[in-house]
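> Protein sequences appear in the order of chains A and B.
Be aware that the first sequence starts at 1, since it is given in the working numbering, and climbs by one per residue.
Be aware that the second sequence starts at 1, since it is given in the working numbering, and climbs by one per residue.
It should be emphasised that the hints constitute simulated quantities derived from the structure, not laboratory data.
Please note that the accuracy of each hint is not assured.
[Said to hold, decoys possible] Only pairs whose alpha carbons sit at most 20 Å apart, straight line, appear in this in silico SDA-like list of lysine to any residue: (1) K2(B) x I30(B); (2) K123(A) x L191(B); (3) K123(A) x N192(B); (4) K222(A) x A77(A); (5) K123(A) x S104(B); (6) K192(A) x E230(A); (7) K123(A) x G183(B).
Model, not experiment: these values are computed from the prediction.
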Amino acid sequence: MTTIEPLAIELRRLSFQYPNGRRALDEISCTISRGDRIAIVGPSGAGKSTLLMHLNGLLPTTAVGTDEESQVLVHGAGVIRSRLRDVRRQVGFLFQDPDDQLFCPTVREDVAFGPLNLGVDRKEVLARVERGLAAVEMSDCSARNPAELSTGERKRVCLAGVLACEPSILVLDEPTSNLDPRARRQLLSILKAFTGTQIVATHDLDFVLDLCDRVLVLDAGKVQADGKTERILSDPLIMDRHGLEVPWRLRPANR
Amino acid sequence: MKLAITMTVILVAGLVPLEHWPAQGLLLAITFTGLSLAGVTMRYLLRRLVLFLPLLLVFGLSVPAAGASDLAWSWTISMWLRCTVSFMAGLWLIHVLPFPELLSTLRRWRCPLVLIAMLGFMYRYTFILWDELRRLRNARDARAFGGNSWWRSWSINSQMIGLLLLRAMERAERTHRAMLSRGWDGSIRFLNMDE
Chain A
1 MTTIEPLAIE LRRLSFQYPN GRRALDEISC TISRGDRIAI VGPSGAGKST LLMHLNGLLP
61 TTAVGTDEES QVLVHGAGVI RSRLRDVRRQ VGFLFQDPDD QLFCPTVRED VAFGPLNLGV
121 DRKEVLARVE RGLAAVEMSD CSARNPAELS TGERKRVCLA GVLACEPSIL VLDEPTSNLD
181 PRARRQLLSI LKAFTGTQIV ATHDLDFVLD LCDRVLVLDA GKVQADGKTE RILSDPLIMD
241 RHGLEVPWRL RPANR
Chain B
1 MKLAITMTVI LVAGLVPLEH WPAQGLLLAI TFTGLSLAGV TMRYLLRRLV LFLPLLLVFG
61 LSVPAAGASD LAWSWTISMW LRCTVSFMAG LWLIHVLPFP ELLSTLRRWR CPLVLIAMLG
121 FMYRYTFILW DELRRLRNAR DARAFGGNSW WRSWSINSQM IGLLLLRAME RAERTHRAML
181 SRGWDGSIRF LNMDE
């Protein structure tokens, strides 16, 4: 009998060190509940991307073997070597550069990549491709070469490819980088429509204000602050100390 | 269908006997007609041939230069004609058949999956690398000011090529990570659009 695990992600004193000895993550502990939308912010080099890559088992590169050693739990189960396939089905990862993820000759084939790998049968693959492209409003571009699309369109196709795997947790690394305001708004509305758990690493604090209810400030590999978005982002002490700044909307003169 | 035509032309070009000039002339005429029907301009064709011919000419001259056979010059000219025919047949194919359809045709012909996957990647990443190269070239031109000696230009360009290689390798690693994140386990699968 399985019980619905309320915790989507649990980090137990997660630490990570690069081969050259540099400590990227230092004893990070945190829990994220189902349906939460949490932003991870911090200066460049704080370890945001490194942390994100632990959530779907891309790091550590020699995957952990047993549940006891596991420092990352997804839906209550440790991210270990034997479970990587399941973890990657549950945790969808959107990378920063769309060209790193769009590697098939046409849009349709690329969105189908995930479902095909999951062993879904052909009719269902096609249905998921349709649904994924419809969710990002790119249904009329299914036969096109990704090279013909603009950056915003490529990002949406990448997101369609991730959504086609039907994950319950969405992890996004700098989703708004290189997007013009219209593309950014479109992305925001697509993400607001996604009902699962979302974890976003970003520098775009206005985006965080629009999308996320919780913020985690990461600096030098450690959690420096964790709490409600408005409270943390409007605190000038926290913001200045960690290389950020209070968003325009929250400054006392502009409220 | 179109792939079959191309392969036939190339095969015939390869098998035609050495001195059978009329046949070779006919093949040349056929491919030329095909190209003009496909809308390929003379200028485009010449530009592509310019890239291909020098190497071909050098190879062609190797036999007479070595004095290896009585039919040396016949062999050379025949070889030039046949290779040009094959090359133009290939050009015709990529003009009339969109690349994704070429890949699905190859798949139907039971071509090894690894080969098809590699062709697919190559197609996609040629565009990306071309963009990177354009960016590097723009960056170089913005600060080049034109007055460089050929040696300096040469060393700048070779640095650019090295950088391009490095960026290609880094991108390959990131792409691999993206593939793993979507459940890739090493086996190559394709979406079959027919049926």
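> Run every hint past the structure and note whether it holds.
Status of each hint after checking the structure:
About 14 Å separates the Cα atoms of K2(B) and I30(B), which keeps this hinted pair within 20 Å; it holds. A threshold of 20 Å between alpha carbons decides the hint, and for K123(A) with L191(B) the separation of about 10 Å falls inside it, so the pair holds. Taking the CA atoms of K123(A) and N192(B), the gap is near 10 Å; set against the 20 Å cutoff, the hint holds. The hinted pair formed by K222(A) and A77(A) fails the criterion: a straight-line CA distance of about 24 Å is larger than 20 Å.
For the suggested pair K123(A) and S104(B), the alpha carbons sit about 18 Å apart, so the restraint of at most 20 Å is met. Between the alpha carbons of K192(A) and E230(A) the distance comes to roughly 18 Å, so the proposed pair stays at or under 20 Å and holds. A hinted pair counts as satisfied when its Cα atoms are at most 20 Å apart, and K123(A) with G183(B) qualifies at roughly 19 Å.
Hint violations for this structure: number 4 only, all remaining hints satisfied.
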